[in-house]
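Given next are the chains, with one letter for each unit.
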Amino acid sequence: MLQIDNLSRSYGDRVALADVSFEVKPGEIVGLLGANGAGKSTLLRTASGLQPPDAGRVRVAGHDVWVEYEAARAALGYAAEEPSFHEELSAAEHLAFVAEVRAMEPRAAQARAHELAARLDLASRLDEPVRAYSHGMRKKVSFLAAILHRPAVVLCDEALEGFDAPSALAAKDELRALARDGAAILFSSHVTETVERLCDRIVLLHSGVVARTMTRAEWGAPLDTHSALEGLFLDLARGVNR
Amino acid sequence: MTPTRPDSAGAFRLLRQRLRARRFAALDGRMRAVLLALAALLGGFSFWQARIPFDAAHHAGGALATLRVETLALAGCAVAAGALAHWRQAVLAARVPGPEWLALPIPPVFVARHLLAEARLPATALAPFALSIWCAGLDLLPWVWSALLLVGWLVAWLECTRLGAALARRSATRGDAALRSLSPILRLLASGPRRGRASAVPAPRWHRGTPAGALQRLDRTLSWRSAGTRARLAGALVASAFASLAWWSGAEPLLARAQSFVGFTIASAFLGGWAVLRVCGDPADLIRPLPLSLRALWRARFGQLALALFLLAALQAGLANGFPLPARIGQFVTWFLPGLALATLGLHYGITLYPRSDVAENLYYGWLGVAVCASLMIPFMGWAVLLAGLIHSSLRLSRWHSPEVS
Numbered sequence: 021m022l023q024i025d026n027l028s029r030s031y032g033d034r035v036a037l038a039d040v041s042f043e044v045k046p047g048e049i050v051g052l053l054g055a056n057g058a059g060k061s062t063l064l065r066t067a068s069g070l071q072p073p074d075a076g077r078v079r080v081a082g083h084d085v086w087v088e089y090e091a092a093r094a095a096l097g098y099a100a101e102e103p104s105f106h107e108e109l110s111a112a113e114h115l116a117f118v119a120e121v122r123a124m125e126p127r128a129a130q131a132r133a134h135e136l137a138a139r140l141d142l143a144s145r146l147d148e149p150v151r152a153y154s155h156g157m158r159k160k161v162s163f164l165a166a167i168l169h170r171p172a173v174v175l176c177d178e179a180l181e182g183f184d185a186p187s188a189l190a191a192k193d194e195l196r197a198l199a200r201d202g203a204a205i206l207f208s209s210h211v212t213e214t215v216e217r218l219c220d221r222i223v224l225l226h227s228g229v230v231a232r233t234m235t236r237a238e239w240g241a242p243l244d245t246h247s248a249l250e251g252l253f254l255d256l257a258r259g260v261n262r
Numbered sequence: 224m225t226p227t228r229p230d231s232a233g234a235f236r237l238l239r240q241r242l243r244a245r246r247f248a249a250l251d252g253r254m255r256a257v258l259l260a261l262a263a264l265l266g267g268f269s270f271w272q273a274r275i276p277f278d279a280a281h282h283a284g285g286a287l288a289t290l291r292v293e294t295l296a297l298a299g300c301a302v303a304a305g306a307l308a309h310w311r312q313a314v315l316a317a318r319v320p321g322p323e324w325l326a327l328p329i330p331p332v333f334v335a336r337h338l339l340a341e342a343r344l345p346a347t348a349l350a351p352f353a354l355s356i357w358c359a360g361l362d363l364l365p366w367v368w369s370a371l372l373l374v375g376w377l378v379a380w381l382e383c384t385r386l387g388a389a390l391a392r393r394s395a396t397r398g399d400a401a402l403r404s405l406s407p408i409l410r411l412l413a414s415g416p417r418r419g420r421a422s423a424v425p426a427p428r429w430h431r432g433t434p435a436g437a438l439q440r441l442d443r444t445l446s447w448r449s450a451g452t453r454a455r456l457a458g459a460l461v462a463s464a465f466a467s468l469a470w471w472s473g474a475e476p477l478l479a480r481a482q483s484f485v486g487f488t489i490a491s492a493f494l495g496g497w498a499v500l501r502v503c504g505d506p507a508d509l510i511r512p513l514p515l516s517l518r519a520l521w522r523a524r525f526g527q528l529a530l531a532l533f534l535l536a537a538l539q540a541g542l543a544n545g546f547p548l549p550a551r552i553g554q555f556v557t558w559f560l561p562g563l564a565l566a567t568l569g570l571h572y573g574i575t576l577y578p579r580s581d582v583a584e585n586l587y588y589g590w591l592g593v594a595v596c597a598s599l600m601i602p603f604m605g606w607a608v609l610l611a612g613l614i615h616s617s618l619r620l621s622r623w624h625s626p627e628v629s
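From first to last, the protein sequence lines are chains B and C. Mapping the first sequence onto the numbering used here, position 22 (from 1) lands on 42, and the numbers just tick up by one. Mapping the second sequence onto the numbering used here, position 107 (from 1) lands on 330, and the numbers just tick up by one.
It should be emphasised that the hints constitute simulated quantities derived from the structure, not laboratory data. Mixed in with the good hints, there may be bad ones.
What the hints assert, rightly or not - Between beta-carbon pairs, the in silico distance windows are: (1) C:Ala232 <-> B:Asp39: 41 to 51 Å; (2) C:Arg385 <-> B:Asp39: 49 to 59 Å; (3) B:Ser28 <-> C:Leu325: 34 to 44 Å; (4) C:Arg236 <-> B:Ser154: 34 to 44 Å; (5) B:Asp184 <-> C:Glu382: 23 to 33 Å; (6) B:Ser104 <-> C:Pro322: 18 to 28 Å.
As the list claims (entries may be wrong) - Chain B stretches covered by chain C per the calculated footprint, using a threshold of three residues with CB under 8 Å from any CB of chain C: (7) 67–74; (8) 103–117; (9) 125–137; (10) 167–174.
Glycine is no exception: its CB is placed at the ideal position from the N, C-alpha and C atoms.
Turn these sequences into a full structure, and let the hints steer you where they fit.
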């Protein structure tokens, strides 16, 4: 579903990605791990069409991102690490714009946007201009815009960083639901615990090259649920008196 | 560990050096050549525009009269530089990184100097004009006077830009009682935008449409909410009003038509500026991953420009009562097409230089400046220059597919 072949990218003399190849299959959540500067964001920005590669190619649902421009992007959702918006627009206006460009059925798009916003605790502020949003709220809007159309491929660049615990859990549930429906998800993070609990496989980047890939079985198969502390936080947030 | 004495002066010197190097590296070789050519053309134009009145003054009143005219011209340049510095400082002050600066052990004077240096940057664009004006009077004045004029202009430039920037900083500073005990620059740094609840905007209507239609709806919403695009549209409206009122000015029909055409052309230029800001204002990580083709992007903006200019040209043709119908139809065609070419130039630079709205605007207004100068030197030459600009920008359109968004 997401095929990355021999991808290379440099910034001047600095090599950010060197001949990176891997695949994310339908229904799979792959974690992209690496230290700061390992090339995670460069890979995701190149795969999402923000910057062209020096060499290699990225195929989304069989379409080359830099050749079949529209077809590839129609199947893609991208949640940015530092999302930027039209500060004067509200989150609802952004989502309506994204839904229209993606030719979504208006009522279904609106219903899904409101449902997702409610789950991420954003519903009450959907009509406020984005300039009034905190960092976490901006990340939520970016995440919402990325998954609104149930894309075949989701690229998440530190997507849950800045989320409060209940929203992070809801977002992880949504990603798992998308994967169950056949989406391929590439989830970049430097928080190993999140990746450990969410992903089926990891790709470890080091200095722009794939240093190692591992499956869940290889790292000890932790529970595919939230931790005790996350559970406690979630219960408190839901107002449950334990 | 013994703390070392911070070297703020050295740190800021290094910062400015790096900023200069970064900005220079951001312009590719062709762009540097274009900017140099623009500066040379504008300089040459200014030289001849200044030389004629200087000569006339010299013949009428000798060196003293020339000195008076040249001083006035150079003073105008210094005041314009002050206005540019004021505008730039106002933009910087609106998004000054207050907490980041406040967290550092920097004497406020260095921050003030740095902000002033940044504000002065666009004001350096007046240097080619001033230098040309100064050169135009060189052989008409004693060399001592010329030397004093040059020194005087440099001092005036420094003081006007200092004053312009200071006024901008002052108006951007909040007057809260809690901040009054702080120095002016610290008050400015503490006056950054406060994030809080903002009033809700009307809920959007969810449409089933095309990507181009979605972009047009986005443009309509943002054009009035965003200060930059609002200013360009307001400028276009004022120029359109001037173009319409010219028909009732009581001037002879031919003169009224010329006046109206000036207003129409200025309105077209403002619409081109609007297109630059709208295209470059779309955030990359919102727009780029969407299935938006270059054709949809171009068509959405070109369609709006064409419609606006069609209506404006039709209105002006309708108001030209003193001319027979064939002449009015001819007027419509010969106004609409150049106006559209002018606005399209802005659209093309917005697309090809995305997301650098500052570079796109500089290039766009630079071309317009050269076109105006060319037309003043040789009638209709400006339209040839404009056509060259349009071809140049059209050839660059495919760059949209290979962006370099850092």
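Here is what the structure says about each hint:
| no. | hint | in the structure |
| --- | --- | --- |
| 1 | C:Ala232 <-> B:Asp39: 41 to 51 Å | 46 Å, holds |
| 2 | C:Arg385 <-> B:Asp39: 49 to 59 Å | 54 Å, holds |
| 3 | B:Ser28 <-> C:Leu325: 34 to 44 Å | 42 Å, holds |
| 4 | C:Arg236 <-> B:Ser154: 34 to 44 Å | 36 Å, holds |
| 5 | B:Asp184 <-> C:Glu382: 23 to 33 Å | 53 Å, violated |
| 6 | B:Ser104 <-> C:Pro322: 18 to 28 Å | 19 Å, holds |
| 7 | 67–74 | holds (count 5) |
| 8 | 103–117 | holds (count 12) |
| 9 | 125–137 | holds (count 5) |
| 10 | 167–174 | violated (count 0) |
Hint check: violations occur at hints 5 and 10; the rest are consistent with the structure.
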